[in-house]
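Protein sequences, first through last, are from chains S and R. Sequential numbering from 1 applies to the first sequence in my numbering. Sequential numbering from 1 applies to the second sequence in my numbering.
Any given hint could turn out to be false.
One-sided excerpt, in silico: chain R residues whose CB lies under 7 Å from chain S [stated by the list, open to error]:
(1) G23
(2) G27
(3) Y28
(4) G40
(5) Y50
(6) H54
(7) R55
(8) G60
(9) R72
(10) K75
(11) E96
Derived from the structure by calculation, the hints contain no laboratory data. Even for Gly, the Cβ is constructed at its ideal location relative to N, Cα and C.
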Amino acid sequence: MAELNELQIELVSAYIRQHGVASDDLHDDLLDHVCTSIERLMDGGSSFEEAFAKTIKLFGPGGLKQVQQQTFELLTEMNVTMKKAAFSFGLTSTFLLLAGTIFKLLHLQGASVMLVLGAGILALIYLPMLLWHKLKESSRDEYLLHISGFFGLAFTTVGVLFKIMHWPGASVMLLSGIFVLAIAYVPIYFIKKYRTSANKSITLSSALVAMTCLILVFGMMSFNNSVYFDRGLSLVYHELESAATKINGNEALYSKLGATEESQELKAEANRAFQMVEGLKIKLISETEGISISEAGNVQLHLLEKKDNFNIPSHILFASESEFSAQALLKTLSDFEANILEHYDPGIRSEMEQMMPFDFEEEYEWNDQKVDWAHWHFYNTPLSGVLSQLSKIQYDIRNAETQVLLYLLSQPVVSGPPSGSGG
Amino acid sequence: MYSNELIKGTLKTIVLNLLTKQGKMYGYEITQHVKEATDGKIQLTEGALYPLLHRLEADGLLTTEKVSIGKRVRKYYKLTKNGAETSTDLVKEFKEFSNTMNRLLESYTVNPSFHG
Chain S
1 MAELNELQIE LVSAYIRQHG VASDDLHDDL LDHVCTSIER LMDGGSSFEE AFAKTIKLFG
61 PGGLKQVQQQ TFELLTEMNV TMKKAAFSFG LTSTFLLLAG TIFKLLHLQG ASVMLVLGAG
121 ILALIYLPML LWHKLKESSR DEYLLHISGF FGLAFTTVGV LFKIMHWPGA SVMLLSGIFV
181 LAIAYVPIYF IKKYRTSANK SITLSSALVA MTCLILVFGM MSFNNSVYFD RGLSLVYHEL
241 ESAATKINGN EALYSKLGAT EESQELKAEA NRAFQMVEGL KIKLISETEG ISISEAGNVQ
301 LHLLEKKDNF NIPSHILFAS ESEFSAQALL KTLSDFEANI LEHYDPGIRS EMEQMMPFDF
361 EEEYEWNDQK VDWAHWHFYN TPLSGVLSQL SKIQYDIRNA ETQVLLYLLS QPVVSGPPSG
421 SGG
Chain R
1 MYSNELIKGT LKTIVLNLLT KQGKMYGYEI TQHVKEATDG KIQLTEGALY PLLHRLEADG
61 LLTTEKVSIG KRVRKYYKLT KNGAETSTDL VKEFKEFSNT MNRLLESYTV NPSFHG
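Using the sequences and the hints, build the whole thing.
Shown next as structure tokens:
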């Protein structure tokens, strides 16, 4: 029985390595296989060279490398359980996202839960599984492609979710996701495609189309329409605020009226209500924006970054019993209203009450539900809306004060001496 | 020689069953054994056999034993406990499949009226 010598074995080994078999394990297998085959053929009378050539021929051209390729593919193939899991996660998240979107469009209950679950499964389970699988089966020079694709998609998905849910940080995530896709994934993908494709001009043009789409999305995000919407609300707010704070006419009326006990009382009542609302506004800005109270007192609405946030304002107003709750605001305002009405002659009080700007008792309808005054105005209202309404209330307070002052001035009996009003 | 399509689906069964009967074998031995036992009608190519052996090892159905033959290493493959069970299942399944196929193919020749 023939046996190959050391040199011949070295020769075969080098040949196998040279033809693309890098895995040691497989190299050992193939070396033994080829050597044994050569030995058997030599037993039959062939020379080493003939036997070697004949054995290699059985593998076919590129055959050795193919063995490695197929081994690699078989070893990295997802096993059945993983395949099933990946499939069901993918299906579930797609279903949830679709249903969530439809529910959201129809304003049905449960849309948010579905969207959060769907995007969560997609970004935290499905995409990582996909990435893991891709990394396992691809060579090192494709790592960047898959990793950039993963992060781009994951960030974009979570960013869209945050945007829909009005959670903080949405824009940053969306922008970085799209940025990664545009800077890394799409270029790498198309460079690879370009190198291997037969029709280079088509590949090039589709790359350009993809880039243009991404740039358009990018552009739409940075100049979105809500900038103008925000500006509109900011203007309303500032108009109301200046109207509320710059009513100096009241001071003139006070001096005309003289420093009576009643006028002092009225001034104190109005100021108390006004300051309460002012404090609430500052508190809301400070908490939502994450800045100190003193900073919040000076900031202008159009400079606020989170003026579209409604979670934090609603939380402050409705989740607690503090001095900054909607309940406390309601109490202050109704006390103020009651006090104001005291200044009028009992005979006309009910008429004056009709003229007061606050309708605390009224019921409002929102999404087929009856809601009270506080919820109607402030619940899930974005910060800019809440602040504008509070400024409107401050304006109303000053206005009501003016009304009383004018009334008091028209009643000379009240402040003048008991006699001598002959005329 | 049978078509690759036919052999592909039965390769795992062939290898596992062979190892059940022979205990431990190395790659070249397996190809030769199959070739001789089938009068050359089934020839396992290296390109199909080694990937399969490595996959079965990764799945825990086979283990290997390395023996030095002069300057090279020979790897013997043998069944694990799990592999032995899988082998039995696969052979049983294939026999049933084969019977079913026979019956199916027979039925067409016995009842030509089905065609009309």
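Status of the hint placing R72(R) at chain S (closest C-beta pair under 7 Å): Interface hint status for R72(R): holds (5 Å vs cutoff 7 Å).
| query | Should the interface hint for H54(R) be scored as holding, given a Cβ-Cβ cut-off of 7 Å against chain S? | reply | 5 Å, holds
Interface hint for G40(R), Cβ within 7 Å of any Cβ on chain S = Violated, about 13 Å.
Does R55(R) hold up as a contact with chain S if the rule is Cβ-Cβ below 7 Å?
4 Å, holds
Check your understanding: For the hint on E96(R), does the least C-beta distance to chain S fall short of 7 Å?
Key -> 21 Å, violated
inquiry  = Interface hint check: G60(R), Cβ to nearest Cβ on chain S, cutoff 7 Å. Holds or violated?
reply    = 11 Å, violated
- Query: How about K75(R): closest beta carbon in chain S under 7 Å, or not?
  - Reply: 6 Å, holds
Can we keep the Y28(R) interface hint, with Cβ of chain S closer than 7 Å?
Status holds, d = 4 Å.
- Task: Please verify that hint: G27(R), Cβ, nearest Cβ of chain S, below 7 Å or not.
- Result: 5 Å, holds
Q) Any CB of chain S closer than 7 Å to the CB of Y50(R)? A) 5 Å, holds
Q: Verify the interface restraint on G23(R): the C-beta must sit less than 7 Å from at least one C-beta of chain S.
A: Check failed: Cβ of G23(R) comes no nearer than 18 Å to chain S, outside 7 Å.
Of the numbered hints given earlier, the model fails hints 1, 4, 8 and 11; all others are met.
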